[in-house]
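Just so you know, the sequences run in chain order A and B. Residue 1 is where the first sequence starts when you use this note's numbering, and the numbers rise one by one after that. Residue 1 is where the second sequence starts when you use this note's numbering, and the numbers rise one by one after that.
Source of the hints: derived by calculation from the structure; they are not laboratory data. Incorrect hints may have been included.
Stated by the list, open to error - Computed footprint of chain B on chain A, listed as stretches where at least three residues anywhere in the stretch have a Cβ under 8 Å from a Cβ of chain B:
| id | stretch |
| --- | --- |
| 1 | 331-342 |
| 2 | 387-396 |
| 3 | 701-708 |
Small disclaimer: the values here were computed from a predicted structure and weren't measured. Built from N, CA and C at the ideal position, the CB exists for glycine as well.
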Amino acid sequence: MVDANSKFTCLVPRTGPVTKFRECRRQFGGVREAVWLVLNLYKMAGSFEKEQEVLGIIEEKKLESGEGDRDMAPAAGNSIHRSGSRPQLDVSKAEIQGNVEEKYPTILLPNQSDDLSHLALDIGGSLIKLVYFSRRENQSADDKRKKSVKERLGLSNGNRRSFPILGGRLHFVKFETRKINECLDFIHSKQLHCGGLESRYPDVTDQNGIIKATGGGAYKYADLFKERLGVSLDKEDEMDCLVAGANFLLKAIRHEAFTHMEGQKEFVQIDPNDLFPYLLVNIGSGVSMIKVVGDGKFERISGTNVGGGTYWGLGRLLTKCKSFDELLELSQKGDNRTMDMLVGDIYGGLDYSKIGLSASTIASSFGKTISEKKELEDYRPEDISLSLLRMISYNIGQIAYLNALRFRLKRIFFGGFFIRGHAYTMDTISFAVQFWSNGEAQAMFLRHEGFLGALGAFMSYEKHGLDDLMVHQLVERFPMGAPYTGGKIHGPPLGDLNEKAKVSLQISWMEKFLQKGTEITAPVPTTPLAGTTGLGGFEVPLSKGSTLRSDASALNVGVLHLVPTLEAVASEGGTDDAQRRGDAFAHAFSAHLARLMEEPAAYGKLGLANLLEMREECLREFQFVDAYRSIKQRENEASLAVLPDLLVELDSMDEETRLLTLIEGVLAANIFDWGSRACVDLYHKGTIIEIYRMSRNKMRRPWRVDDFDIFKERMLGTRDKKMPHHKRALLFVDNSGADIVLGMLPLARELLRRGTEVVLVANSLPALNDVTAMELPDIVAEAAKHCDILRRAAEAGGLLVDAMINTSDSSKQNSSSVPLMVVENGCGSPCIDLRQVSSELAAAAKDADLIILEGMGRALHTNLNARFKCDALKLAMVKNQRLAEKLIKGNIYDCICKYEPAS
Amino acid sequence: MDLRKGQIEPILDPNQSTYVYHLALDIGGSLAKVVYFTKDDDYFVDSEEGISNKKALEKSNGSRQYPVLNGRLNFKKFETSKINDCLEFINSMKLHFGGNQEQEIPGSQPIAVKATGGGAYKYADLFKERLGIILDKEDEMDCLVAGANFLLEVVHQEAFTYMGDQKQFVQIDQNDLYPYLLVNIGSGVGMIKVEGEGKFERVSGTSIGGGTFWGLGKLLTNCKSFDELLELSYRGNNRAVDMLVGDIYGGMDYSKIGLSSTAIASSFGKAISDNRDREDYKPEDIARSLLRMISNNIGQISYLNALRFGLKRIFFGGFFIRRHPFTMDTLSVAVNFWSKGEAKAMFLRHEGFLGAVGAFMSSDKHGLKELLANQVVQKAPSKLSFAVDKIIHGQPDGDESIECSVYAA
């Protein structure tokens with residue numbers, strides 16, 4: 001580490017930090033080192049935002065695997081190092097002026113749409129691949145609070161805003177090269193070529209007048225782009241881009257790589273630190289085999305001239321197919337036995353088992369056509385196509401394996417336009433690799449295989465490349481337009497772009513989308529949409545870590561109908577516009593689900609958490625910012641009204657009774673959950689207090705999982721032994737209303753009273769009726785009106801910044817209280833994946849010694865079996881019969897109080 | 001193979017005083033190969049003469065062997081689809097009876113003939129029924145290797161390299177032959193690591209072989225025979241159908257990765273244009289492109305396998321080659337290209353008959369022994385071995401017969 005730093009320091013004055021980062025990474029190899037270096041780089045550049053995001057990654061390890069202490073060492077070192085590197089700040093800052101956020105902090109305009117930034121193209125012979133990045137700024141959050149939290153967490157960084165993890169997306173769009181005008185229209189309509197900022201910041205254009213591009217078409221169509229969009233294409237080397245794209249995908253994106261054997265897709269988790277070396281086999285017209293040993297370090301070691309072009313070329317000559325896809329389609333119905341000479345044909349149906357060849361092994365591709373007195377026309381094009389496909393795929397797999405063996409490369413990744421996610425092609429290649437390696441090697445494929453080049457070109461932007469995206473770990477997981485076009489050409493739902501000339505850009509894409517939506521012929525379950533009450537329950541009995549089975553039938557309808565259209569529409573006041581968007585949402589989401597039914601792995605490995613997140617993302621896509629807004633408000637108000645009474649009651653109890661009552665309160669209040677069908681029924685039947693009372697009555701100990709006594713011992717100690725209070729507690733909160741107000745807040749108050757700092761961790765974006773980080777300060781402020789403990793803690797934590805309390809008197813008083821803080825988790829899902837959290841949360845987690853996870857989504861569906869390095873308490877009421885049976889062999893409304901001391 | 005040519009070969013003329021004493025078959029997917037021994041008419045070697053004769057063979061164990069018989073090994077091939085021609089030929093020559101008409105005894109036990117190749121199973125009934133002979137199946141790979149070993153060890157100037165029209169015979173030290181890679185290009189391709197007599201392993205192969213060339217070629221051109229297709233390829237230019245590196249990079253070399261502009265980037269990659277159908281391409285060009293694609297691919301996979309097992313020599317055999325200069329040249333170029341000049345492709349003069357020769361060698365040469373027992377030596381020899389005197393140049397496509405002496409232990 002010290003070496004790395006010193007090296008870096010001497011490198012800085014010459015070139016910009018990002019470039020240096022790349023260089024450093026090349027020199028030092030490991031991602032961790034690189035991440036580290038970039039910390040320093042951005043520090044000097046004065047961009048603390050980047051630092052936090054990097055910290056997020058490092059911290060996340062602590063949460064997940066508990067190996068945090070070691071990892072944190074560099075970060076701690078950093079903060080010391082920071083001031084030391086200040087003198088170099090000027091130089092570096094000048095270098096990264098291209099950083100739009102840095103230069104134009106006013107980007108934080110409320111209500112603006114996507115800020116589209118970089119665009120890169122890969123213009124191939126048949127397809128144009130387009131990658132662009134959009135960053136969202138839809139919450140101009142309470143900066144004062146944030147600032148205060150950051151100061152608290154030792155992250156003071158001036159006015160910089162940190163972006164939640166959902167703040168950016170990479171979009172992948174394809175066009176056919178012969179319809180290049182559609183592509184140009186698309187770029188123009190989204191203003192991608194000028195960073196999407198042209199209208200607001202005209203002076204940005206000069207630096208954005210260049211688009212990175214690769215592929216042969218980057219040369220061929222350079223003039224067209226200049227003429228139509230006024231931009232120059234900056235050509236990047238094809239192979240460089242390919243490798244850069246593959247490296248990025250494999251390192252940054254979960255479930256990017258998968259194996260495909262006999263129709264079974266299996267995702268492979270690759271440790272980014274153990275990625276290299278690998279063999280990248282790019283099957284385009286020809287085939288290139290590239291040994292990749294690091295970022296930017298690769299060598300083309302082999303290849304073959306028998307590739308996609310051969311398939312298509314021979315296929316065209318032998319069949320009447322008009323397109324590659326048509327040829328590929330044909331192969332699905334083919335039988336290669338009519339063309340190929342099999343081992344069985346030679347040995348009269350017997351295996352030649354002595355050398356391990358089964359009767360169905362192809363001895364000679366097309367070998368059977370020799371002996372027959374048939375003309376070309378006498379053979380089925382389907383059979384020809386399949387025979388060709390097998391011949392070529394098999395051959396590529398074999399040569400790839402031999403090369404991997406030769407250079408001792410343990411992994412082989414196949415990409416390129418030939419594969420196109422075609423199951424049979426992948427199976428054939430996999431089979432070949434397995435066959436020739438005697439099962440020792442496996443072929444792997446990439447979900448974004450077609451976009452390697454475009455991504456690589458995207459990464460080649462100096463100012464905005466791989467580096468910060470890597471640490472964001474963000475991707476567009478759910479391409480919203482995809483289901484409507486069969487995932488083929490168009491990306492975002494833009495309808496027919498050719499009509500663009502006639503209509504103004506202002507016309508809402510929603511209108512077009514609705515038109516398109518009516519044309520859908522996908523097997524969409526439409527009936528439930530019309531009369532749905534909005535919500536299904538968590539009907540799929542999925543617990544933590546389990547994923548959707550790959551057979552579509554396992555997708556339970558209960559989840560599939562989780563289409564809260566009515567709530568969504570109501571939240572927007574039930575206007576016509578809201579109604580239309582609601583319909584559009586319903587169509588889109590159903591189409592997504594239909595696609596998932598057909599191809600469960602379409603969006604990578606999806607667990608229930610991802611499915612729920614997808615729904616929220618889909619809602620946001622249709623501008624339903626918060627479908628449960630009014631419900632949440634109503635519940636919060638009602639709960640806040642009874643809070644003072646509850647607090648009085650609590651304060652009259654002794655310590656032990658109070659602790660038990662508090663935990664009971666959390667569990668009982670957890671019933672207010674719009675994510676549970678059972679609870680939604682309860683909502684419709686009774687009043688809020690009745691339900692609450694009913695659930696409290698169920699609170700008879702022992703609970704189904706009951707570690708309360710251990711927890712109590714840790715909190716209160718025993719007669720002989722006093723326990724120190726926790727230093728900082730992270731409370732992962734769940735629902736709005738009673739859950740937060742009457743459950744978690746009183747518990748937080750108790751912790752504060754005992755001298756523990758409390759960090760309330762809430763969603764960055766709305767999901768169901770979950771409380772968000774945006775809403776929490778108001779709730780806390782309201783609660784603080786009735787409670788001194790909460791008020792002082794909230795002031796100390798910067799949640800209450802009120803002129804009234806800003807006197808010297810009260811500030812003195814403030815210092816006597818430990819702070820209550822609110823931190824966003826970077827998620828917009830009812831569940832939480834601790835590997836992908838906000839930088840704030842990661843920073844807050846650093847000093848935490850108690851974690852409390854509350855609710856089904858965060859404590860059961862995910863993280864139930866997660867082990868933490870600090871004390872952890874998992875609290876939830878099980879509101880689904882099947883889940884209860886499966887997880888705890890219990891019943892609906894059973895409670896879980898799982899306490900695990902620091903391990 | 002043109003059968004009419006075969007029929008006027010002198011050795012096949014029953015009126016000549018040439019006798020067939022022994023034969024073996026290799027019936028592959030597309031071709032059936034026959035190897036048979038004919039005795040030189042009037043030349044029997046008696047022991048006395050043998051000693052003075054320089055043909056005495058010094059064996060490693062110090063014992064000497066003496067030639068007892070001189071004759072020829074003859075090679076003949078048929079298309080498997082015309083298996084009847086083969087049956088007819090054998091029948092007409094009475095090959096299976098040792099060719100000695102006098103020895104034919106009606107009603108005698110069926111005669112066993114060594115045979116290999118998949119057809120040895122497939123056509124076993126046919127041979128039994130039509131000729132009354134039992135095909136004694138020998139393992140294909142065993143025969144292939146035994147044949148190659150025999151030819152490489154015993155036949156002078158059997159192996160040669162072929163690059164840019166230059167044929168060069170390679171003298172192989174019999175003691176430094178192993179290990180080597182034997183690439184047998186038949187309908188499919190088998191790649192065998194050979195480490196010694198009877199010591200070998202099939203390490204790889206590919207389904208893109210001679211059958212693919214002929215099969216695809218037949219579909220794409222109107223050729224009626226393999227030879228015609230080969231002939232066509234000789235006149236073609238693959239640039240019309242193949243996408244070359246230069247086509248992609250605007251005529252420039254992509255020197256960064258060491259590819260010249262004439263390197264094939266994608267075989268048949270140029271045949272994708274919308275407005276050209278199969279009829280618009282010259283059959284010659286298609287044949288040429290096919291040949292290059294297949295040869296190149298075999299050369300590459302062979303080299304990779306040789307490299308993998310540290311084998312310094314690669315011998316190509318099998319019917320695909322047919323000593324066709326362009327095929328050999330392409331294979332050589334491929335090996336040369338992928339090995340960066342470190343490895344050389346070598347070919348065998350009797351490439352098509354490895355399996356048949358092997359089957360021949362595997363037999364106990366019953367016919368020969370009988371012949372010798374009756375006519376030459378007092379006691380039937382327990383073991384016979386062959387030494388080659390010279391190759392009789394006959395057909396240019398590999399079926400040169402070999403003049404040889406038979407030695408008795």
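Hint-by-hint comparison with the structure:
| no. | hint | result |
| --- | --- | --- |
| 1 | 331-342 | holds (count 3) |
| 2 | 387-396 | holds (count 3) |
| 3 | 701-708 | violated (count 0) |
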